[in-house]
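Trainee: Spelled out from the first residue to the last, the chains are:
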Amino acid sequence: MNELKVVGHSSERVDSLEKITGAANYVDDLNFGPELLYAYLVESPCAHAEIRKINTAKAERVPGVVKVLTGKDFPLSFGLYMQDRYVLAQDRVRFVGEQVAAVVARDPKIAKRAAALVEVTYKELPPVLNQMDALKKDAPLLHPGLKAYKHVPWFFPKGDTNIAHWRKTRKGDTEKGFKQADFVFEDVYTVPRYAHCAIEVHGAVGLYDASGRLTVWTASQSPYTQRNVFAEALSPLGISHKDVRVITPYVGGGFGGKAGVSMEILGAAFATKFKGKPVKVMWNRAQEFYNTYQRQGVEAHLKVGMKRDGRITAVEHLLYWDAGAYVEYGANVVNAVGLSATGPYKVDNIKIDSLCIYTNLPPGGPYRGFGYSEFCFGMESHLTRIAKKLRMDPIEIRLKNAIKGGDTLAYGAHMNPNGLSKAIEEVSKEIGWGKKEQSSDPDKVIGKSFACFWKAPAMPPNASSSAFIKFNEDASLNIMVSGMEIGQGLLTSMAQIASEILTVPVSKIRVETPDTDRNPYEWQTVGSHVTWGCGNAVKKAAIDCREQILDLVHRTLHLERESLYLEDEAVKSRTKPGWELPLKNFVIPGIQAEDFTFKGGPIMGRGVFMPEFTSAISDPETSQGGHPNVHYTTGASGLTLEIDRRTGRMKVLKVVLAADVGKAINPDLIRGQVVGGMLQGLATVLYEDMRFDAKGRMLNPNFTDYKIPTVMDAPVETKTIIIEVPQPDGPYGARGVGEHTMIPAAPLIANAIEDALGVRITSMPITAEKVVAALKKEGKL
Amino acid sequence: MPIATEFEYFAPASVRETVGLLSKFKDKARLLAGGTDLIVQLKEDVSKPQALVDIKRIAPLGGIKVQGKFLRLGALATFTELIESTVIKSKYPILWEAARTVASPGVRNRATVAGNICSAVPSLDSAPALLVYEAVVVIEGPKGSRQIPFASFITGPRRTVLAKDELVTAILLPQPGKHCGAYVKLGRYAGEDLAQAGVAVLADAKGAIRAAFCALAPAPLRSAKIEALLSCKKCDAAVMAQACALLERELAPISDIRSSKEYRLHMAGVMLERGLKAACSRLKGEGPDYGKHLI
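Protein sequence lines, in the order shown, are assigned to chains A and B.
Our numbering puts the first residue of the first sequence at 1, with every later residue one more than the last.
Our numbering puts the first residue of the second sequence at 1, with every later residue one more than the last.
Hints in this document: simulated from the structure, not taken from any laboratory.
Don't take each hint at face value.
DSBU-like mimics (lysine-lysine), calculated; alpha carbons at most 30 Å apart, straight line [unchecked claim]:
| # | chain 1 | residue 1 | chain 2 | residue 2 |
| --- | --- | --- | --- | --- |
| 1 | B | LYS292 | A | LYS654 |
| 2 | B | LYS292 | A | LYS444 |
| 3 | A | LYS5 | A | LYS576 |
| 4 | B | LYS26 | B | LYS164 |
| 5 | B | LYS43 | A | LYS67 |
| 6 | A | LYS388 | A | LYS404 |
| 7 | B | LYS43 | A | LYS277 |
| 8 | A | LYS147 | A | LYS72 |
So that you can see chain A by itself, here it is in the shape it has in the complex (with noise of 0.2 Å):
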């Protein structure tokens, strides 16, 4: 391969002096003119209730008030991977501030007022607040009907039990596995609820106009999947996938949380009552913690056996998931944990259950990490454990057991290449492991830490993307996906893939946010796997344009199709030194051959990427025989923790995170994800702490008692180390990196807290007081 020009090296991202300048703009700031409508909920106050009456009409006689809208206006259901979810309650409410009916008014206050005279009467049920006790033999069901649902053909639902899915992986022989080990070792893991706390809050403003065409404009990662589902739930109104159409402008965050469909079907939904006017639909920061999905809790019980060199001989992972009070997304989630919970090891002997069940709390959902934040606490918890207790480096152990490209997965499928060995090495290097260091304050002491991590995209077997480049007549770009600029720098990294290959720099080429209109189709932005899956559909779509080119000019000029390449906007000949022909030549004109005709035409290129090797099906009892998996992202990471014995406050003084990323398609967006990333994951395990009272009702839905980390809280040295072990299949051979860099967050801290103190904890979050009590119990303080 010729030496990159453009991929590889960072590139200031195509968006910047936009969102710099605030001009950036956003769903809440898109106007809708005078006839504007605004919708304001009507919430449950009760965890798990029967509606048992509505009465709408005092609301109804509130001057600006349009129409007061109950579950009787829309006996829809819908769901991602599963329908269990609805526009507004039906009979039954399964969570605090679960959307019983909305007031549509021409004015906010109005609709707040009038929402507050609509009159519900509820017969309360016994409340399910726990995964435990949603098991035991006498629990309330949450889903009654939940045989019935529409699912994906790979989750397994129990009827009559509040199990949504149960996915188990077999390999080998756990029992003999444990019985070759030298050391066993079990414990339990709790990891509790989080939410994702993006600046912007969701919101959906939706128009169905007297065409029958329903737009909807919302703060989305997935405006195809949004289209899609609204297509589908809506369909008994008779509307159909050519009517949907999504716009969505820049998000301010999403972490997962503006994943797949939630409160957006709101806006969609109502509009369909008024036609001609749009309704809008801004969920308060309060709305924003409790009403669009969480990232669920976890109790997993662990067993690994180990050999004394250090190799693991099995593991066994129960993992039991509060999915809350709907499960449409959540339950892949727990899917995913079942395929992979073993951590980026070659282990022969596996058993893995995950639970996902229904509780009468928030719906779970995809949060950032998709389960495996949350299994990575208890297994690289766990291996730093063994390894103390058998006397070795928890590196060396890691290192052992460090899967390789071509071994046997859980699933047993194969492991893509990759430089996990490589990145265990590196971090440890700079991290200085095997050297103590020392607070000059007395007070103070200091651990290290280390914990690896993987991830793969969980996605459909046929999630796609697709990409059109259209050149302009100055041989600028615009290139359309669909893929979601939440961040990361994707609209960059698009441009300068296409860059690469046709020559024309980033600064004339212009990438926006979706319209499912104009853009062709991309599954969601989610799973880290945009800049590969996205990225392969552009880099076709560029190919496509080039070979347009190329073909052009030979069959117009007759020249030799081998000898020509594209360089510095023009296409150039191997075999005539000093002939060029720029694009902006002919890219929209064509080419004027000897008779003075026109030849060629427009160029533009489409590309289409679809994961052809992947199948979600596979035995229900092992997980064996399927292809689940595209690929996973691996790595290492090692922290340095000061932490004050006497108060348990902590200060991350450097955290070190190697990722093989396969290839960088530009280094400064990757460090931004890993500075990012690592915060919010130390987010989790230092500060953010989700309480729900004894009837279900969340304490903390707001920023004063809901603490997210402020730039004094940033580690001290973040230092990002790039390894790059080619995805064959990747663009480039670039691999995803977004969700990897929080990952191993938990268990450095609950790592380093061991080195440095000798106490273990083993549920998160770990807060400054939980050290402290942990230190007391311990009759250290």
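Please build the complex by placing chain B on the supplied structure of chain A, with the hints as guidance.
Mentor: What follows is chain B alone, placed relative to chain A:
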């Protein structure tokens, strides 16, 4: 979120006019100065007043200036004004240190110290400093003006001695002698947070100690017993152990979503010790600069 409550808006030009409005609307009126608490309460329907009385245009309520033997903080003086005041920084460094821990710069630009004490929340950051400086609160009502020590201004969580037709017009700070001190605050992270515990320590040149606390009892408090124990002594481990034992009796922290009472009490001891240490070394011209986090 829209403010759905409908209310009448007044912008009186004088204190007298304000008192008239308060007399008319009683507890159906809310005063607006910084609005950093009030606007949030309005948006969340926690407060549904009939009248909003905006006192920002009453010029005599502003400013920080010397008045006789006192430094007068007008009711409209914001935390940012306090932090930027050279008099506060040089003469009342503990108050300066505490002010810098209140909320965030954006909030401090609007939030007033008087509004802060009127909220009377247990976690009031300005309270421990005002207690050790023996501040006096100036109150105006229909019967004229009265002054009461800040120590008796707050009567319980979110309760003060203010009658429904009264307002705070100023806070007076007596001239302190040569002293140093510290305000130590416990939050959940380094960013803005409500105090889970707050300790102010004042040490004068003769070795006398004053100590006051917030978020460790239903109302901020100053402890004479702690002061008696610590004054004019070398604060070694034995004395600190005694102080910690005494704190258990003097303080009454609660467990809530922000912290447990056990951790609050544990931290009160550590914070008192570190505050004392900083105060004493600052007296000697050593020790950390004011504003540096001590925990």
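Trainee: All hints, please: hold or fail.
Mentor: So, going through the hints one by one against the coordinates:
1. Simply put, B/LYS292 and A/LYS654 have alpha-carbon atoms about 22 Å apart, close enough for the 30 Å limit, and the pair holds.
2. Only pairs whose Cα atoms come within 30 Å are accepted, and B/LYS292 paired with A/LYS444 is accepted, the gap being roughly 17 Å.
3. Our distance criterion of 30 Å between C-alpha atoms is met by A/LYS5 and A/LYS576, whose separation comes to about 23 Å.
4. Between B/LYS26 and B/LYS164, the direct Cα distance comes to roughly 5 Å. Compliance with the 30 Å bound is thereby established for this hinted pair.
5. A C-alpha spacing of about 23 Å is found between B/LYS43 and A/LYS67, which places the hinted pair at or below 30 Å, so the restraint holds.
6. For the hint linking A/LYS388 to A/LYS404, the alpha-carbon distance of about 25 Å falls within 30 Å, and the restraint holds.
7. With a C-alpha separation of about 27 Å, the suggested pair B/LYS43 and A/LYS277 falls inside the 30 Å cut-off, and the hint holds.
8. With a CA separation close to 23 Å, the supplied pair A/LYS147 and A/LYS72 stays within the 30 Å bound.
The structure meets every hint from the earlier list without exception.
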